[in-house]
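In the order they appear, the protein sequences are chains B and D.
Taking the working numbering, the leading residue of the first sequence gets 1, the next gets one more, and so forth.
Taking the working numbering, the leading residue of the second sequence gets 1001, the next gets one more, and so forth.
It should be emphasised that the hints constitute simulated quantities derived from the structure, not laboratory data.
A hint or two may mislead.
List of simulated lysine to any residue pairs, SDA-like, C-alpha gap at most 25 Å [unchecked claim]:
1) B:197 with D:1170
2) B:191 with D:1083
3) B:144 with D:1018
4) B:112 with B:129
5) B:173 with D:1204
6) B:173 with D:1083
7) B:191 with D:1036
8) B:173 with D:1180
9) B:152 with D:1181
10) B:173 with D:1130
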Amino acid sequence: MLRNTKSRILGGAVAVIAAVAMVGCSSSNPTAPPSSGSVAPASGTVVVGSAQFPENEIIAQIYAQALTANGITVETKLSIGQRDVYLAALQDGSINLIPEYSGNLLQFYDPKTTATSSDEVVAALGDALPSGFEVLDPAKAEDKDSYNVTQKFSTENNVTSLADLAGLGIPLKVGGNPELGERPYGIPGLKDIYGVKDVTLVPISDSGGPLTVNALVDGTVDLADIYSTTPAITQNKFVTLADPKNMILAQNVVPLISSAAATDEVKAVLNKISANLTTAELLAMNELNQGDKKESPETIAKDWLEQKKLF
Amino acid sequence: MNNWLDALAWLVDPENLTGPGGVPARTVEHLGYTLLTLVIAAAIALPIGYLIGHTGRGRGLAVAVSGGFRALPTLGLVTVLALLMGLGILAPLTALVILAIPPLLAGAYAGVGAVERSTIDSARAVGMTEWQVFAQVELPLSLPLAISGLRSATLQVIATWTVAAILPVGGLGRFMLDGLPVRNYAEVLGGAIVVILLALVIDAVLAGTQRIVIPRGVKALRLASKRMHA
Chain B
1 MLRNTKSRIL
11 GGAVAVIAAV
21 AMVGCSSSNP
31 TAPPSSGSVA
41 PASGTVVVGS
51 AQFPENEIIA
61 QIYAQALTAN
71 GITVETKLSI
81 GQRDVYLAAL
91 QDGSINLIPE
101 YSGNLLQFYD
111 PKTTATSSDE
121 VVAALGDALP
131 SGFEVLDPAK
141 AEDKDSYNVT
151 QKFSTENNVT
161 SLADLAGLGI
171 PLKVGGNPEL
181 GERPYGIPGL
191 KDIYGVKDVT
201 LVPISDSGGP
211 LTVNALVDGT
221 VDLADIYSTT
231 PAITQNKFVT
241 LADPKNMILA
251 QNVVPLISSA
261 AATDEVKAVL
271 NKISANLTTA
281 ELLAMNELNQ
291 GDKKESPETI
301 AKDWLEQKKL
311 F
Chain D
1001 MNNWLDALAW
1011 LVDPENLTGP
1021 GGVPARTVEH
1031 LGYTLLTLVI
1041 AAAIALPIGY
1051 LIGHTGRGRG
1061 LAVAVSGGFR
1071 ALPTLGLVTV
1081 LALLMGLGIL
1091 APLTALVILA
1101 IPPLLAGAYA
1111 GVGAVERSTI
1121 DSARAVGMTE
1131 WQVFAQVELP
1141 LSLPLAISGL
1151 RSATLQVIAT
1161 WTVAAILPVG
1171 GLGRFMLDGL
1181 PVRNYAEVLG
1191 GAIVVILLAL
1201 VIDAVLAGTQ
1211 RIVIPRGVKA
1221 LRLASKRMHA
């Protein structure tokens, strides 16, 4: 029995260590971008891509349908993946237009940027983008981290902006992803930029999803970081706090296009869309997609274009 | 191999060894959660398991139900329960108890089931009551398998409490869930190493216990049967 047990423990230990070591030593890098299959589009064709989440697909559909309606030949390659994958696809020419978010796009090419406001970010993008690519006019619509409170908290404490928090003098709990503990737009920013003294993070790893929303509703937390175009914000009548000091990096929706495809005609169509797209509308479109109706991005884009009568 | 060196450096950094968020404090939390989970799971699983083992009834049902429980993905369960119960300790505790019940239950009824029928019959023949049969014969003789069940449950619970850190709870999972989004892989790996060491140490302790609590008669019997087969 003794020897059995000992050898079993030893065997177990060896197996665990071997397994861990194998994982550790495997040479493939899990964060490396997979190679994207590249087939160059016919010249004159705009190939619209999108990231792999519904909101981005909706915007890509709006671009594609509006361009088609204006007599431009369009192909779509939607739901490509995350940023490093679709930007590789853009650079190898398998797509040449994609809806992007200004702040994240800037940080991808210039991780050390200090720009935070919408204007600063768009200006900085001009220099940061690789040659041969450009961004057109940014939309007012932004999908970014946002601090939200309940209607009740807002009314009782007279809070509508992050700048109002410092004067409250009560301990505040913030629900959001664990990285908020370290990121400049998280707890450090609330302390240093807005002077909030007694603020702690309640880490909830669901990126402003239902657990975070519930925590705000039931009072477990006072503030919650929820992406600004999440339908839960309007469903629960949360108040999104203003960020007058631009602590949170701007994330305006902006068309990223290869210069070769950016003819005056294409630019005119896309700029017209951007001029009409707001955060509230983006949120409403997400609601149609994620709420009870579960409408497809294609239908939502079609209805929005019809309703706006832009073309 | 750089990640390993970074993780070791992280583990010995004095900054990570003190305070409420340090490795020792998180380890104590993790052990506390584990113990609480096992006590609750044992309080549910052992009576049922022994009842099944003693009476010989309901084994098919127990196998089916506990097999079903084993198939529940704990991460999903934690999330769903947290939506129902709020963000406290209750949701992950419930999910982990559900994870720990099947091995404990199986250890108990299989342990009794493995006792020689003739031994139990002899106990009845010398006039033992049902309770005496259970307490003096079946329970001690079931211990080797029952503690195997406990070891299996303990390993699973120690390893799986880490996923509860998607919620605002402590324990060693904090290091993994906090380190991952900011790409602090030293912290992630360091936390994982502590979990592995903790699991190995606790399993070794239980293995020792398993040897100690096995009745002398059982050991003698095993040795004898080994010699016979040799």
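query = Any hints this thing doesn't respect? Which numbers, in order?
reply = Numbers 2, 3, 5, 7, 9 and 10 - these are the hints that the structure violates, sorted from lowest upward.
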